[in-house]
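Undergrad: Now for the letters of each chain:
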Amino acid sequence: MTSFLLSDGTCDLDQIPCCDPDAFRARVVAACRDGARLVATLVLPIRAQDALLALLARDRASSAEALAMVLPADRRYPSLSAELPQAQAFERELAEMHGLLPVGHPWPKPLRRHADLETPGSSDGHSFFQLGGAGVHEVAVGPVHAGIIEPGHFRFQCYGETVHSLEIQLGYQTRGAEKLLLASPPTRRQIVAESVAGDTSVGHGIAYATAIEKLAGLEVPVQAQATRALALELERMDSHTGDLGALCNDVGYLPGASWYGRLRGDFLNLLVELSGNRFGRGLVTTGGVRLGLPASELAGFATRFENAAADFERIADVIFDAPSVVSRFDGTGALNQTMADELGLVGPVARACGSDRDARRDHPEGIYRRMPVEIALGSTGDVMARAEVRRAEAGHSATLIRSLLADVEIGLAGDPAAPALGRLPPSSLSLAIVEGWRGEIVHVAVTSKTGELTAYKIVDPSFHNWFGLAMAMRGQQISDFPLCNKSFNLSYAGHDL
Amino acid sequence: MKRFFERIHQGHRTLAWPKAPVNLHPRFRGLPTLDVGKCPAGCSACSDACPTDAISTSPRRIDLGKCLFCPVCTQACPTGALAFSNDFRLGANARERLLTDGKSYALAQAMGEKLRRLLGRSLKLRQVSAGGCNACEGELNVTGTVVFDVGRFGVQFVASPRHADGIVVTGPVSRNMESALRDTYAAVPSPKIVIAFGACAISGGPFMGSPDCRNGIPADIPVDLFLPGCPPHPMTFLDGVLRILGRMPKGG
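Going down the list, the sequences are from chains X and R. Letter 349 of the first sequence, counting from 1, is numbered 349 in our numbering, and no numbers are missing. Letter 35 of the second sequence, counting from 1, is numbered 532 in our numbering, and no numbers are missing.
Take these hints with a grain of salt, some might be off.
[What the hints assert, rightly or not] Derived lysine to aspartate or glutamate pairs resembling DMTMM-like cross-links, with alpha carbons at most 20 Å apart:
#: 1; chain 1: R; residue 1: K499; chain 2: X; residue 2: D321
#: 2; chain 1: X; residue 1: K179; chain 2: X; residue 2: E161
#: 3; chain 1: X; residue 1: K179; chain 2: X; residue 2: E93
#: 4; chain 1: R; residue 1: K499; chain 2: X; residue 2: E93
Hint data in this document are derived by calculation from the structure and do not stem from the laboratory.
Pulled out of the complex, with its shape left as it was, chain X reads as follows:
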């Protein structure tokens, strides 16, 4: 059996060949050693048999492929994680959602907290890795944190000030997004997708719309593609601006925190001009966009954008020149490229380690198919590299936005028309990959024999990257955790779904 290539992100479910668990494991591991990455896993019936489906992306070839195995009756199968660390979270998720038993998984614990598994006052079902020995102590933080932030539990094993292990227990945010999306009518589905991670409303909104459009074979008008890209790049700029401000705050550099905190609002207000909402909600719909920029507002929009973009660079010049910032960013929470690749990290976190991947270039959709995207790469993998990559990416986003606004042929102005959605084809699968500001967002949509949406999988970039944060904390001072955490700035809700 060879792997099964998806055609422009779609395939006929019944055409996917299945193999036995041992061959499946060997093939997925071999493909990943050959440069492929695991982007999503699903359990669903293929030719009436329950199967585990793995979707892999090959960035250099801009292709995606499917590998499947028939589930054994006892649902036990040889785990991939020991050989393929990037599979660890996927396998833990499959175990808790579908009762699969990955035999030989190094840490077969639920990925998300389940209230049913806990008895008050104990941590049944949620035992944490513990370090032994005199002088070793444990620090527990969360789920409710000291700031205005989503809930999650962090368990540190420390000797003195040094963190030897950090285990991150999430799941407090589980809202049942995938199940709810499936059970909802189409307009509600778009809204659920946009609420998977609110700070990535545009990214997840586009990913959902793209997954459905691919299934339906729907062509999005160029003007709507441009509007989507404009919103996605604005979202990237506002998030990177906010992150750089928050990083300044965490090292006590208040001018940077104040200025960037304010400037982020300018980008959010540009999203209001485009979409009526500071997070771009309600903009994207299947087939296109609901709103656009009227021609009369284009010039004013461009001026306000240029002012904000210029301020971004001016402030960055000051921050990256401040010794108190540089000395705290440099060398803190470093990962290397080998680790980033083995753990399957994505987004600015991976690029800060030198992993050259960005879905806008590698798996382009819409307007990105004809717009070159510059990729920002770091090498040191520390807080400094993550900050510098964000700075550079915001600059590249500004370039993209300028070309969108200037390209009269693309024409952002005018009335956006979304083509109507017809019936979805039966027994089909589609894979949408969108590079959100945090990294690769993956949505997978599957239809039944009657053309109804029957399975839906969402993989937020945080799903891959939380483990990267845990690894980055090893050997670090516990007091550096807030700084490291902020330099990743991952989504709890996006992970927990």
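Use these hints to put chain R onto chain X, whose structure you have.
TA: Below, chain R alone, put in the same frame as chain X:
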């Protein structure tokens, strides 16, 4: 030196509000307006289109506790009877007051004299995200930036419920956060207030009906201020809080 000049360039950015009005961009979707006179007989296009069943037709009412302020209803409306204004003033004291006929809307009133004396000049709040998607959390964070600067009104987010006079809840209250929410509420010394920030905390919002959530703050936790939106604008928070503290200037 560079830093010095940048400081001068950045200038003073804090809003003059509430002394001077804040006008949001006309495209911002705030308080909806409904001109029933324009509604064709028997038309239910807005109500049918609404993804969260926030609109009833007889009588025509919009439930701002469920409304996500998305453009679906106004685009479905055949006559333009339904529209969004850019008015961010949305805070209400009671769940039923979130129902509007699109013409009038009862904004939050000040709390009783005793609470106002206690909290009016210093209100410390603890934020609990209970399934919030980080949009509401983001907007609450922004209230601390130099633009909104909620601290100038004596309002501050604190790190411990023991230091707090109340809680601000975001999210539809996921099952896995319900006990943490109750614990946090119980840990706040009385008298205390509860602010529901965003459609999720009020009604479940986008996650209404999900078996993994509680459709917002459980009924046995009394809410003093409802702030609709998905997410609400930071100005909605400032306006609502100043109203319940009785600190809005006359005519504001």
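Undergrad: Hints first: check each against the structure and report whether it holds.
TA: Do the hints match the structure? See the list:
1. Between K499 of chain R and D321 of chain X the alpha-carbon distance is near 9 Å, which keeps this suggested pair within the 20 Å criterion.
2. With a C-alpha separation of about 43 Å, the suggested pair K179 of chain X and E161 of chain X falls outside the 20 Å cut-off, and the hint is violated.
3. A threshold of 20 Å between alpha carbons decides the hint, and for K179 of chain X with E93 of chain X the separation of about 15 Å falls inside it, so the pair holds.
4. Distance restraint check for K499 of chain R and E93 of chain X: the Cα-Cα separation of roughly 50 Å exceeds the 20 Å cut-off, and the hinted pair is therefore not satisfied.
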